[in-house]
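In case you want the letters, here they are:
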Amino acid sequence: MSSDTHHSGISGLGEEVLGHTEVKVSQCYQCGKCSAGCPLSEEMDYPPSVIMRMLQTGNPDLEDKVLRSFSIWVCLTCEMCFARCPMSIDIPKMMDFLREKSLNEKKANPKAKEIVAFHKSFLDSIRFTGRLYEIGLFVDYKTRTLKILDDLALAPKMMKRGKLNIIPELIKDRSGVAAIFRKSNKKNKN
Amino acid sequence: MTLGFYPGCSLKGSSREYAESVLAVAKAFDINMEEINDWNCCGATAAHNMNKELSLALPARILSLAEKQGLTEIVVPCAACYSRLTVTKYELSKDPALKTAVTDANGLEYTGSVSVLNIVQMLDKYITPNLEGRVVKPFDHKVACYYGCLLVRPHEILKFDREEDPQSLDVLMLKAGATPIDWAFKTECCGAGLSVSRTSSVGRLSGKIIGDAKDRGAEAVIVACPMCHSNLDMRRDAINSYLGEKIDIPVLYITQAIGLALGLDRKALGLQRHFVKVSV
Amino acid sequence: MAEFEPKIVAFVCNWCTYAGADLTGTSRIKYASNVRIIRFPCTGRIDYMLLLKAFDEGADGIIVSGCHPNDCHYTSGNFHARRRWIMFRSLCDFTGIDTERIKFSWVSAAEGAKWADIVNATVASVRELGPYTEYKKVAKYPEKEVSHG
Amino acid sequence: MDDLIKRAKELIETSAVKVVIGYEQGTGNKTRALFVEKSEDADKLIFDSRCVQNLAAYVTKKEVKEKGKMAIAATLPVMRSIIQLASEFQVNDNNLLVLGITPESKLIEFGNLVEVETFVHQYTIEIDARNKEMLDKLAKMTQAERWKFWIDELAPCFKCYACRAACPMCYCHQCTVDFNQPQWIPVPSHELGNLEWHIMRAIHLTGRCIDCDACYNACPLSIPINLLTKKMLEDAKEHFGGYQPALKGDHLMSTYKPDDKENFIH
Amino acid sequence: MSKIGVFVCHCGENISATVDCAKVAETAGNYDGVAYSVDYKYMCSDPGQNLIKSAIKEKGLTGVVVASCSPRMHEPTFRKACAEAGLNPFMCEMANLREHCSWVHEKGEATTEKAIDLVRILVEKVKYNHSLSEIKVPVTKTALVIGGGIAGIQASLDIANTGHKVILIERDPSIGGHMSQLSETFPTLDCSQCILTPRMVEVAQHPNITLYTYAELESLEGFIGNFKAKIRRKSKSLDEKLCTGCGLCTTKCPAKKIPSEFNEGLGKRTAIYVPFPQAVPNKPVIDRINCTYYIKGKCKICEIVCPTGAIRFDQEDQIMEVEVGAIVIATGFTVKQPDFFPEYGFGKYPDVITGLQFERLASASGPTLGEIRRPSDGKIPEKIVFLACAGSRDPAKGIPYCSKICCMYIAKHAMLYQHKVHGGKSYVFYMDIRAGGKMYEEFVRRAIEDDGVNYIRGRVSRIYEKNGKLIVDGADTLLNAMPVEIEADMVVLATAGVANEGAEELAQKLHISYDPYKFFAEAHPKLKPVETNTAGIFLAGACQAPRDIPESVAMASGAAVKVAGLFSQDELTREPIIAVVNRQAPPVYSSCVGCFLCISTCPYQAIEKEEIKNRNGEVIKSMAKVNPGLCQGCGTCVAFCRTKSIDIQGYTHEQMYTEVMALLNEY
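Residue numbers (the working numbering), protein chains in the order written: chain A, 1 to 190; chain B, 191 to 470; chain C, 471 to 619; chain D, 620 to 885; chain E, 886 to 1552.
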């Protein structure tokens, strides 16, 4: 069956999803229970069941829309959809894969800029210190997003309550952690 | 006795009161919490959102270090870290090829022999059997036990409590003298990873949780996850502005609530660090 | 010497494939005359030793056929047969017996045309493979005619 | 194995069993089966790494069975055989007591066969590396090469049936090879008869052979006939989730699953 | 030495056009053991058959091969002809020269050669044929019907009306089953009890039906035509002959708070009770688990008030044995119960109920006398939500199948609600509407178009209670999966129809098979829907899969016809094509070593263990034995047996081996 046929078997992106995550998009019969239970469904451009449907079509245009969607970034991996799915489809795992792919193909939704930036800042913090350095994370995140004013009031309050470390906690084997990043990133340049 | 301890980043920073209360309660029962040497961040949501192998390699390093240190059981109070470590164990046990790839990346031996306990499991196993007679100041309040996502899901892997309407925190709080309420948002998501990047969503999601707790007369919300805590506590302004009212129900870690019941010092439990004043 | 005409023995069940082959006849569909059908009550009755015996005695190819899964007249004879075939075929392959010469199929009582196709395809492929001389050689029947000229 | 000797004596002296089957020193460096019926004979019992003969082959023998209740010094393969035999109603708790010898050479006396089964199920049957390599080698050959391999290997077989005698699962009174109406297997020992005999045997052992190698060890010509059953064991794993002897439950080849998978039936 | 006759048929020109029939006959005539060989235009015609008959008599033939059409066509014809001439019919075989040869090949030498081969195979086979006699089994013309729901009632009445005896057993104190609990029935909305109760009374009064309620099957032995069933009649603590059914005891019984099974827990009953007013028989039983006397040792109020002295506290269960020739299983189904839907709060919120509970609310005989009121506070719900597929089509919960009846009863429920609660709002969450059936789709459309039921396509994620309302979180998948939240007063779950608890044990008692969901398995999914693979045992109704009333009734009538067909003869005649375990002289007895692996190969549970004992009663040999009443002759055990101890008549080892030999070696 050719990959451009609408309503084909599993093809295209769906097939990739299967290969990487064992999630078989054809199992979804569109009951919508995931979308009904998803806490972020209303903020999504395509709720989870619609994403599943788009992947089922094997239509390259729709697959592209999935990778460019805001949905995959606003998903919080709270696992509610997976917990209640009658077909036990691991949507969160699939979302992980779609995010990674979207990033690799530079298709991340512009509205998700802050979310992506936060994740990147977060990982950078670990990459360099081995642990999360919250001030560093905030500064880095704010530089990436230019959202200087947001949450500005929070930091001093946190500081006052002893919730922020001025100096990052460093682990000894920082090169080891950096190596993990290097090796894991071999395939995914981001 | 000695248990392994993986605090994770939050417990060293924004949620240090959680660490303080865990250690205080452990100490009260003569349990030595041995921190894993040179531990690293588990990668949290960011890693598995961006890169699968990384999301497994980071937790695997932690488990390897624990093995190296001779620990057989590690307590992971942060629900997110607990979820990442448990999922990693599961994924690596299922797929030998993945295990090889990850151990190669880490350059550390990994056998999967360390068992991972979340805070409820730890309390259940080592504290509650000896709790009787130790409660000097029953935590006599109506409490809403909030489990969040990562303590109970995915059930296939974690196999902890039940997915819908879990009970383990409620049972613990009952033993600490509290009256747990039946409410509807025990396992709804607080917004977690979007805390910084999409505060508005957090206001809405956490708002529903705090709103329901208040409507049903809760005097405190009990949590077992630093992310839940920071969203429900630190983001209270966003929550209140979403709800259009001022709600000042405090949010306590389970270990803080138990600590109070044990009569431990409030400061030792880090209660002064909360944004929402702990008046209970 | 004339073109090699393979000898094909078909082991079939009474209720599906035998009836399917009857339908091929009533539909007047023509197929190669090399095949000889032996009727069994059910594929579950087909003893794998008989397949070896057929090669012993000079068959060049074998067809084994019965009801489709879930269609067995006896509910599960074909399921038992299928499990045995999986193991037997693998063992044949492992001992170097030419499994290309044993065709397994499901032919229902309604599949007259399919039966003709299977026979024709088997005859063609076995003709391609040539006489099964390896087996006959060790069978040591020097006194018997092995060519079909 | 002093504790084995001690226990054997007790069992005989208290008439708990009539015979204890174990190993004794044989000629040369070999060990052989010992049937202890008098307590003083128990001193001859030995156990070491040379004791590989599958003693379970004796528990179905009429001559041994007739003596009365048996006890058997059973290594892991022997215990597996016993569980399979019990599932085929050939032995039971009333006529057999198992003195288990663990892979660490520790003696465990089992109260009943259910306990033996529980013990056996801690281990899965694994084909050893050398034979695994051989199977892989054969798999890589062409069909014609495999044919030559087996015809050559089997050519010297003169149907002494030592393999059959050594096998605990070959307890049938009338083997197919002895059946002569019709004569399924040619009587003379020529290549074809040999091949058919061993194919037949391998099929009959599928889902029953516990991979003890007794057949191979017994073969005076060291023909690797155990490769055939090993291949079946591998296939069982590939197609049907593997084989492990069990007291209750489905036998591999006398049952089926409606969704058994294959790719060759068209 | 065999004397075989070969009769080659031209079939007009059907065979002779491509096969040289004379040559076939001539060649066959030269085979060893062939005493007579002839070809003829129409072998099946009278003259043709006479040819065979006279040859048998004149030449003293010991076997016959008719080379003509398919045996599936004329085997009975020629076997009968042989029998008429005094030859055992099983000494006759047919070579299929028409369907398998002349019709499928071109005229030529090869085709004639093939015909010759086909004849030779069967000549050689016939040499090994044995005279066989048909198996005759007497038939006990009484049927046992298990289960007194609508299917069991229908089957009993249909069988009884053909003049045969029926024993109907029912587990509960009354017959009627689930249908008696229903309010109205789709798609006609006629009252369920109005159409059912006359049937129940007919059962009780029918001279051919013996009814035992509060009774269960204990065990079953035997085979078609000859079953022996043990029935446990649970103690009712009552002398039924004395009881007049006045009901005084039930009004005086002090244990009044027992949830009523009939009302699905929405109403209460007493410990001595009649499940519902129209029960048949209309006599009470004492539920000993809840009876004050059995719990505390004193009370006996029922005994005191009973005007006829019918109460029997010391009555014990009775086991009775009956002989029956056929069995109809009509044990029905059940619905999935609480704790299965934690996300819907089922079991936690009293106003989340099952469809069956809704039936009781809507029923005029129900706890609310037909008014739709919430169980929690008795208020009339202003907003009601129905959830389709509550458990069905949900592999994660272990039920992948569609329960089939729910789409229709949901439409009915919503419609009844709209009729009864004016101004009420009803919502149905569904994924597909499966309304295949006469007037079914029209019925659903009526609910939507005329009664204003709101259908929303999507599955509900969860339900929680807030301020006395049930908050239903769903999504509308036809609107980009937009979230839908409904504040409902009551929620009705269309819970999956599942097999009865204990279905597995019953199947094992009956030696019938069941599917992965524990529904009983029919013998063939298309052509034998009411048969099981045990001859003489039939299925009716929802014990085989979820079924609605018309289907259950149709199936019951189908099963009844099968039973009547069986009972139309005094003896059953069966082809002797069955498996046999060999017997040998003592001390061997048989080459069977008793591994009994064959037992699991048999699709019919026809293989049993046979023990041979010595004078002291000790078992000296255990071996397999084929029950000729159950064996259907597939031969699956034959090919499996390592010692070749089982053989099958008509397809013996020798016959099949000989066929292969004869085919490949020319004589």
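Errors might be hidden in some of the hints.
To be verified - In silico contact screen, one side only, chain A against chain E (beta carbon under 8 Å); selected entries: (1) G12; (2) S35; (3) G37; (4) V50; (5) M87.
Unchecked claim - A few chain B residues that don't get close to chain A, going by computed Cβ distances all over 12 Å: (6) M240; (7) G297; (8) R324; (9) E409; (10) L433.
FYI, nobody ran anything at the bench for these hints, they're computed from the structure. We put the beta carbon where it would ideally sit given N, CA and C, even for glycine.
Hint-by-hint comparison with the structure:
Below 8 Å, beta-carbon pairs count as interface contacts, and A/G12 has none with chain E, the closest being about 22 Å; its hint is therefore violated. Among the interface hints, the one on A/S35 holds; its C-beta lies about 4 Å from the nearest C-beta in chain E, closer than the 8 Å criterion. Because the beta carbon of A/G37 sits about 3 Å from the nearest beta carbon in chain E, less than 8 Å, this interface hint is met. For A/V50, the interface hint holds, the least distance from its beta-carbon to any beta-carbon of chain E being 5 Å, beneath 8 Å.
For A/M87, the suggested interface contact is upheld, since its CB lies about 6 Å from the closest CB of chain E, less than 8 Å. B/M240, annotated as away from the interface, has a beta carbon of chain A within 12 Å; the closest lies near 5 Å. Non-interface call for B/G297 relative to chain A: violated, since the shortest CB-CB distance, roughly 7 Å, does not exceed 12 Å. At roughly 28 Å from the closest C-beta of chain A, the C-beta of B/R324 stays outside 12 Å, upholding its exclusion from the interface.
The claim that B/E409 is not at the interface with chain A holds, since no C-beta of that chain comes within 12 Å of its own (minimum 22 Å). With a closest Cβ-Cβ approach of about 16 Å to chain A, B/L433 is found to remain outside the 12 Å limit, as its non-interface label requires.
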